[in-house]
Amino acid sequence: MAALLFLEQTLNGLQLGVTLFLMAAGLTLVFGIMNMVNLAHGSLYMVGAFLTATFAQWTGSFVLAVPLAVAGTFVVGLAVETLALRTLYARDHLDQVLATFGLILFFNELVKIVWGPVAIFVDIPAFLAGRVELIPGAPYPVYRLVVLGVGLAVALGLWWLIARTRVGMLIRAGASNREMIGALGVDIKRLYTLVFALGAALAALAGAMAGPLYVVEIGMGDSMLIKTFVVIVIGGIGSIRGAFVAAIIVGVVDTFGRIVPAQLGLPTAIAEMAIYILMAAVLFWKPAGLFAARA
Amino acid sequence: MATETLLSVDRLVKRFGGLTATDNVTLDVRRGEIHAIIGPNGAGKTTLVAQLAGELAPNGGTIAFAGRDVTPLRVDARARLGIARSYQITSVFRGFTALDNVALAVQAQDGHSFRFWRPARGEAALREPARAILERVGLAARVDAKVSALAHGEQRQLEIAMALATRPRLLLLDEPMAGMGKEESERLTRLLAKLKGEETMLLVEHDMDVVFALADRISVLVYGRVIATGTPAEIRADAAVRAAYLGDGDA
Amino acid sequence: MNADRRTWFVIVLLALLAALPLVAVATGQDYQIGQFRRILIFAIAAVSLDLILGYGGMVCFGHAAFFGIGAYVVAILNWHAGREVPLVGDWMGTNNVLVTWPAAILVSGGIAALIALISLRTTGIYFIMITLAFAQMIYFFFVSLRAYGGDDGLRFDGDTVAFGLIDTQDDMAFYYLVFAVLCAVLYGGRRLVNSRFGMVVQGCRENERRMKALGFPTTRYKLAAFAIAGATAGLAGALFAAHESYISPSIMHWTRSGDLIVMVVLGGMGTLVGPVVGALAFLFLEKTLPDYTEHWMVVFGPILLLLVLFARRGIFGWFGPKDDGGGNGH
Numbered sequence: 195m196a197a198l199l200f201l202e203q204t205l206n207g208l209q210l211g212v213t214l215f216l217m218a219a220g221l222t223l224v225f226g227i228m229n230m231v232n233l234a235h236g237s238l239y240m241v242g243a244f245l246t247a248t249f250a251q252w253t254g255s256f257v258l259a260v261p262l263a264v265a266g267t268f269v270v271g272l273a274v275e276t277l278a279l280r281t282l283y284a285r286d287h288l289d290q291v292l293a294t295f296g297l298i299l300f301f302n303e304l305v306k307i308v309w310g311p312v313a314i315f316v317d318i319p320a321f322l323a324g325r326v327e328l329i330p331g332a333p334y335p336v337y338r339l340v341v342l343g344v345g346l347a348v349a350l351g352l353w354w355l356i357a358r359t360r361v362g363m364l365i366r367a368g369a370s371n372r373e374m375i376g377a378l379g380v381d382i383k384r385l386y387t388l389v390f391a392l393g394a395a396l397a398a399l400a401g402a403m404a405g406p407l408y409v410v411e412i413g414m415g416d417s418m419l420i421k422t423f424v425v426i427v428i429g430g431i432g433s434i435r436g437a438f439v440a441a442i443i444v445g446v447v448d449t450f451g452r453i454v455p456a457q458l459g460l461p462t463a464i465a466e467m468a469i470y471i472l473m474a475a476v477l478f479w480k481p482a483g484l485f486a487a488r489a
Numbered sequence: 002m003a004t005e006t007l008l009s010v011d012r013l014v015k016r017f018g019g020l021t022a023t024d025n026v027t028l029d030v031r032r033g034e035i036h037a038i039i040g041p042n043g044a045g046k047t048t049l050v051a052q053l054a055g056e057l058a059p060n061g062g063t064i065a066f067a068g069r070d071v072t073p074l075r076v077d078a079r080a081r082l083g084i085a086r087s088y089q090i091t092s093v094f095r096g097f098t099a100l101d102n103v104a105l106a107v108q109a110q111d112g113h114s115f116r117f118w119r120p121a122r123g124e125a126a127l128r129e130p131a132r133a134i135l136e137r138v139g140l141a142a143r144v145d146a147k148v149s150a151l152a153h154g155e156q157r158q159l160e161i162a163m164a165l166a167t168r169p170r171l172l173l174l175d176e177p178m179a180g181m182g183k184e185e186s187e188r189l190t191r192l193l194a195k196l197k198g199e200e201t202m203l204l205v206e207h208d209m210d211v212v213f214a215l216a217d218r219i220s221v222l223v224y225g226r227v228i229a230t231g232t233p234a235e236i237r238a239d240a241a242v243r244a245a246y247l248g249d250g251d252a
Numbered sequence: 096m097n098a099d100r101r102t103w104f105v106i107v108l109l110a111l112l113a114a115l116p117l118v119a120v121a122t123g124q125d126y127q128i129g130q131f132r133r134i135l136i137f138a139i140a141a142v143s144l145d146l147i148l149g150y151g152g153m154v155c156f157g158h159a160a161f162f163g164i165g166a167y168v169v170a171i172l173n174w175h176a177g178r179e180v181p182l183v184g185d186w187m188g189t190n191n192v193l194v195t196w197p198a199a200i201l202v203s204g205g206i207a208a209l210i211a212l213i214s215l216r217t218t219g220i221y222f223i224m225i226t227l228a229f230a231q232m233i234y235f236f237f238v239s240l241r242a243y244g245g246d247d248g249l250r251f252d253g254d255t256v257a258f259g260l261i262d263t264q265d266d267m268a269f270y271y272l273v274f275a276v277l278c279a280v281l282y283g284g285r286r287l288v289n290s291r292f293g294m295v296v297q298g299c300r301e302n303e304r305r306m307k308a309l310g311f312p313t314t315r316y317k318l319a320a321f322a323i324a325g326a327t328a329g330l331a332g333a334l335f336a337a338h339e340s341y342i343s344p345s346i347m348h349w350t351r352s353g354d355l356i357v358m359v360v361l362g363g364m365g366t367l368v369g370p371v372v373g374a375l376a377f378l379f380l381e382k383t384l385p386d387y388t389e390h391w392m393v394v395f396g397p398i399l400l401l402l403v404l405f406a407r408r409g410i411f412g413w414f415g416p417k418d419d420g421g422g423n424g425h
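Chains as they are written, first to last, in my numbering: chain F, 195 to 489; chain D, 2 to 252; chain G, 96 to 425.
Hints were generated in silico from the structure; no laboratory data involved.
Remember, predicted model here, so these are calculated numbers, not experimental data.
Certain hints may be false.
[Said to hold, decoys possible] Chain F is faced by these chain G residues, among others (derived, beta-carbon under 10 Å):
hint, residue
1, 218
2, 232
3, 394
Note that beta-carbon positions come from the ideal geometry of N, C-alpha and C, so glycine has one too.
Based on the provided sequences and hints, a complete structural model is requested.
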């Protein structure tokens, strides 16, 4: 029945949306606060997924592997920020693009060296593998609901962090006026490192949970990265709220964009292009995104 | 002498969140005069200039140029109408020579630039007027110097040159003496004095000597509001102005 | 004087490139000519990117898309002609370069103009990401074109005869044709960047705010530059298709756009000749590094980082005067 299909796809869209939000939140903060283009964000997603696969193998528990992988990627994020990216904050965007492009190549190859070129399949843990009937007659995968739930919980936690804590206040201030927080005597270096590592952790969480849904392979972060860019452009750089709203919109549009054209008899080319057309339309109307944080 | 009004600003308002940077500013600039804007730091002088130039959109009020409402026009459209601006912080083309810079300014008013073949540096129609202007401002000896090699004072002269090169009807000069030493300042003041009468200017300045020497009329801006407008003598005598500005030993 | 050093470098470089096929034949390595030709084709694409990146200051991360569009225009027209399948109405495409190559230039230039129309409403990070996203859109468009092979690529009859004289299957002849195009692009590019138009484009890079204050409607000039660069990349793509007889969407994958940027910066941006050097260096590394280790990318990545930090002016840039504004018209 069309209504059940619609419900299923909506949930899929929301699940993709929160995954995109996890990616976009960290990235939009890095863009907004450090004014840095970071192409390697997708690599952190990938590292999170691979670490999860390995830890799951070692510990035998997927649920344990996820936080371990997130912690591990957090450390990787710290290392990358202090060793490689610090010098780039003062540079112009072209330099950042080139350097982080180099990082993508580096990470893709590093992962190949450590894990080999073959894709890894991660199983959904048994207790999450079933389906549940939210509406009688419409079974939906439990795991996807869990991903959706975790994503929303993190979004809520992030909101609390940004809106209710001192660190969050600094982040908000930094996103709208970078020079100001320096003048307030805040240790900028530490704030930047924290923001970056936090973004890395969020990306890793997205990657960790995505493993069982898609396949864990080299370069998996790259396509996710570009979708994340679309989310941020639509949402507005520096805005977490914008990232959330845009992520949900993009997740839903991308999901429906895959099935609607076939249903309507349109060429399937539109499917992949849907979110980019959406982005172009939003930009035409609001060049700084829907919720631009900066004045 | 024609006392035609060239620029007319009517109840201009600009707010930044809770702060009103421009508070119902009304003033006018007559053709051929030098109208100076003075005021303490934070009075909103640069904000005002930015709105006149078109870089900042006001929240209310209108700006009319030669009888025409230019409030909705963007920066480049206003520049083509004849409003030229010099910046408080030097804003030129650092990779080019002084001559290149001024030639580019000349080029801006010489029709469209969709010419793809002839070397621009070889075009007399651009280079000759540029040289003439550089000579007028006193940079004849430095035409081929890269901007990065120019002294600060020379760069400020270049700023003026570029504004002049567009053959403007109105010059918006935002603190042209900024960062200059005494000698350089005097040189620039002499230049502006030479231009007096030929060019119409709205001059924002801190240096009181310069202002009182050059200005035909002065408007005093305090916290975004014009508290007085008049001749230098009138302004010097104005009690409110003394209290708010001159009397406090500023500048 | 530095200008002489640079001029000599260019002369030597061009002479070397002209002599390359002859040397290859003399040393019995005829098969290499195809490789060199490929390098020259990418050099043309890199030079076209330099116009907007080096001279215009626009960081476009989607340039490979225009290259790909040019290639596909030629490939599709050739495919129809070869299979005798109608394209539009009764017309069955063509393999006449006098039609296919201008078509490639027009289509890629036109699409570049459309993309610029939207992208130039933004600046900074947004601009970079938007050009990247549009390039992705175009990539996926071609991947989804099942009629023309989609992801598997398109095999077509590349047996074209250029201008009734040159058989594109003749390695040497086609090499010199490509070489001639490269020289023409370099010469035309040089006239362009020194012209009134070029001055405006460079001015926009240096200080767009001032350009507007002088009265230049900057957007239309940037758009024109973008379209010209896209059209030239399309020409390179057309040459590529004529050379290969098989193309796939992978030539416009976004990492190819990254490669083009690397070529421009590695060689020296804002110099026109720099990107030629960069293309040579990049493709040379791409060919030889794998001989040392299968995992050469692990090294190449950090090399890029070091390039950015320490050798920003690139190889050819090193030959120039120290405070070159990056485009004082070579």
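Do the hints match the structure? See the list:
For residue 218 (chain G), the interface hint holds, the least distance from its beta-carbon to any beta-carbon of chain F being 9 Å, beneath 10 Å. Checking residue 232 (chain G) against chain F: minimum C-beta separation of about 4 Å stays under 10 Å; hint holds. Satisfaction of the interface hint for residue 394 (chain G) is found here, the shortest Cβ-Cβ separation to chain F being roughly 9 Å, below the 10 Å cut-off.
Violated hints: none; the structure is consistent with every hint.
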